[in-house]
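Trainee: So you can see what is in the structure, the chains are spelled out below.
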Amino acid sequence: MIWTLAPILIPLTSALLAMAARGHPHMVRAIGVTGAILLCGAGFGLLWAVENQGVIVLQAGNWPAPVGISLVADLLSALMVTITGIISLAVAIYSLRDVNRNLLKSHYFALFHFLLLGVNGAFLTGDLFNLFVWFEVMLLSSFVLITMEGKRQQLEGGVKYLVINLVASALFLSGIGILYGKLGTLNMADIALRLANTPDAFLINSSSILLLVAFAIKAGMFPFFFWLPASYHTPQVAISALFAGLLTKVGVYALIRSYTLLFNSQFAVMQDVLIVLAGATMITGVFGAATQFEIRKILSFHIVSQIGYMIMGLAIGSALALAAAVFYILHHIIVKTNLFLVGGLIMRKCGTSDLARTGGLYKWAPGLALLFFIPAFSLGGIPPLSGFWAKFSVIQAGLEAEHYALVAAALLVGVLTLYSMIKIWAEAFLKAKPMDSRAPAENAPGPNLHWTLVVPCVILALLTVWIGLAGAPLLNLALATSEQLLNPEIYIEAVLNPPIAHYEK
Amino acid sequence: METLIAILIGTLFAGGIYCMLRRSIMKVVIGLMLLSQAANLLVFTSGGLTAQGPVFLSSAETGSTLAQADPLPQALVLTAIVIGFGVIIFSLSLLLKAHQAVGSDDINAFNKTDQVS
Chain G
1 MIWTLAPILI PLTSALLAMA ARGHPHMVRA IGVTGAILLC GAGFGLLWAV ENQGVIVLQA
61 GNWPAPVGIS LVADLLSALM VTITGIISLA VAIYSLRDVN RNLLKSHYFA LFHFLLLGVN
121 GAFLTGDLFN LFVWFEVMLL SSFVLITMEG KRQQLEGGVK YLVINLVASA LFLSGIGILY
181 GKLGTLNMAD IALRLANTPD AFLINSSSIL LLVAFAIKAG MFPFFFWLPA SYHTPQVAIS
241 ALFAGLLTKV GVYALIRSYT LLFNSQFAVM QDVLIVLAGA TMITGVFGAA TQFEIRKILS
301 FHIVSQIGYM IMGLAIGSAL ALAAAVFYIL HHIIVKTNLF LVGGLIMRKC GTSDLARTGG
361 LYKWAPGLAL LFFIPAFSLG GIPPLSGFWA KFSVIQAGLE AEHYALVAAA LLVGVLTLYS
421 MIKIWAEAFL KAKPMDSRAP AENAPGPNLH WTLVVPCVIL ALLTVWIGLA GAPLLNLALA
481 TSEQLLNPEI YIEAVLNPPI AHYEK
Chain F
1 METLIAILIG TLFAGGIYCM LRRSIMKVVI GLMLLSQAAN LLVFTSGGLT AQGPVFLSSA
61 ETGSTLAQAD PLPQALVLTA IVIGFGVIIF SLSLLLKAHQ AVGSDDINAF NKTDQVS
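Note that the protein sequences, when read in sequence, are chains G and F. Mapping of the first sequence onto the working numbering: position 169 corresponds to residue 169, and the numbering continues sequentially without gaps. Mapping of the second sequence onto the working numbering: position 81 corresponds to residue 81, and the numbering continues sequentially without gaps.
Worth flagging that the hints you see were computed from the coordinates, not collected in a lab. Do not take every clue at face value.
Said to hold, decoys possible - Cross-link-like lysine-lysine pairs, in silico, DSS-like; alpha carbons within 25 Å at most:
1) G/K160 to F/K97
2) F/K27 to G/K151
3) G/K151 to F/K97
4) G/K105 to G/K182
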């Protein structure tokens with residue numbers, strides 16, 4: 001029980017403490033990193049507890065299930081909370097150098113932890129309206145983080161990000177309203193149970209579509225992805241790395257939850273829609289990236305195309321496909337955060353993020369080249385890195401279910417992803433540095449990188465290599481997760497009839 | 001009563017979307033407000049609209065057979081309204097700053113992030 005609460009209470013406490021310690025930068029930094037370490041530990045604790053005890057349910061205020069709000073941790077939630085902890089730790093360490101005193105004074109670490117509070121809350125809640133509230137917690141912190149420095153680009157990107165996300169929230173709320181009007185409950189397990197036992201379940205599709213659109217906007221799916229490449233490259237590197245890793249995946253998580261639990265009985269109706277959206281998301285994202293020449297914009301477009309693979313796993317819906325989607329999410333969060341962090345290092349070394357003006361890094365910083373190589377080629381799906389196994393399992397699932405068009409799209413997108421990564425590799429690392437009055441002279445290798453900037457990238461790169469070389473335990477965990485997702489009775493029973501054992505301790 | 005409110009919600013949604021498609025950023029904020037109010041009203045209506053029945057007493061106690069409104073959506077909508085306040089205040093201040101930085105209230109001038117460098 002303590003494990004379900006810890007991932008919510010730790011960020012909340014850290015955020016409040018960081019706010020209280022505003023005037024003391026060292027103390028704020030210490031609180032920020034300590035909170036992230038504790039959160040990381042709490043994530044692993046939750047995962048361990050869920051693996052041993054099955055689905056853990058905490059009924060808030062001890063109100064029985066459909067009445068009160070339930071916090072539910074099944075394997076999917078636990079895995080997402082764990083990965084959130086790892087990413088928050090990496091980004092918190094990176095922030096020590098990357099975030100200057102002014103931002104610290106504007107409550108950077110407090111907002112950082114409020115964001116994590118929203119993300120973890122969204123992963124753990126078992127109540128639809130509560131999910132809406134956690135989304136808002138997450139969104140408001142992200143609005144402030146993205147526009148923090150007040151530069152023109154950030155404000156412009158922030159406006160686009162804000163407007164589209166508020167429209168998504170309005171649609172989400174309308175979906176909740178219609179759903180409540182029809183079913184009279186907002187507890188996810190109860191919704192699934194009532195829909196499974198009625199012959200008129202198709203009536204729920206109006207609100208199911210509203211939720212699909214709302215989550216698709218948050219996940220950056222086709223045709224709702226335009227806000228993502230317009231805003232993610234503008235803020236401080238640490239902030240955009242955190243967003244790139246976590247925020248869109250909350251949308252994907254919500255979609256998986258919706259179509260494996262809430263609207264499970266109507267999955268067959270939505271399957272074709274999801275398949276088309278998945279294919280279109282992959283393809284538009286990767287073509288968008290091919291036209292760009294700014295490092296973080298290329299990476300942002302690749303978030304969109306990679307989201308397509310995850311939705312592809314969900315859309316196919318078999319046991320292997322769902323496991324592949326979960327594995328893909330875990331791999332992608334690590335790799336994408338790492339790429340944004342390393343992209344920040346390239347920008348520091350070259351003083352610019354425009355690929356036309358970078359160059360020569362292979363000569364000046366071979367270590368940085370290795371650090372970029374691992375996540376970039378993992379994203380492109382080169383064996384034996386983690387991305388290969390992720391793509392391999394998604395495509396195998398597609399072949400088994402005979403979705404050949406989708407498989408063809410996935411393969412094509414894989415090749416084009418590699419093209420984009422090779423473009424960054426060739427422009428930033430291999431070619432000689434162009435002579436430019438604004439960039440440092442030919443002989444200057446750029447500033448030295450502080451260890452706090454390098455260590456998080458190294459840790460994440462090691463994780464990528466580890467998943468690639470010895471990823472079997474993780475894949476087994478993903479398979480166990482998909483087993484749970486395909487049998488929503490487990491979740492429903494755990495929430496609606498909590499055995500007494502859960503109240504111990 | 002529900003029909004009337006349904007028409008009102010539809011009008012609010014239509015008006016909100018119309019305002020958001022205009023080029024002035026101020027109208028975008030007004031559009032956002034209308035949209036969030038439309039969603040709030042929709043949640044509120046989902047509990048059923050009735051003026052007669054008491055909420056907390058059962059019909060056995062009052063002897064009344066009138067339908068009662070479900071109080072939960074009213075609680076939900078209160079939460080949503082409060083969140084909406086915060087979000088709208090933040091959007092107003094963000095748009096004010098963006099307006100100062102860009103020097104125009106025309107959405108078409110907000111194009112710096114979309115340029116291919």
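Trainee: Taking 25 Å as the top limit, are the C-alpha atoms of G/K160 and F/K97 close enough?
Mentor: 14 Å, holds
Trainee: Does F/K97 sit within 25 Å of G/K151, going by the straight-line distance between their CA atoms?
Mentor: It holds: about 10 Å lies between the C-alpha atoms, which stays within 25 Å.
Trainee: Run the distance test for F/K27 versus G/K151: straight-line Cα separation, threshold 25 Å.
Mentor: Answer holds: F/K27 to G/K151 is near 23 Å, not above 25 Å.
Trainee: Within a Cα-Cα threshold of 25 Å, do G/K105 and G/K182 meet the stated pairing?
Mentor: Between G/K105 and G/K182 the Cα gap is close to 48 Å, so the pair fails against 25 Å, i.e. violated.
The structure does not agree with numbered hint 4 stated previously, though it agrees with all others.
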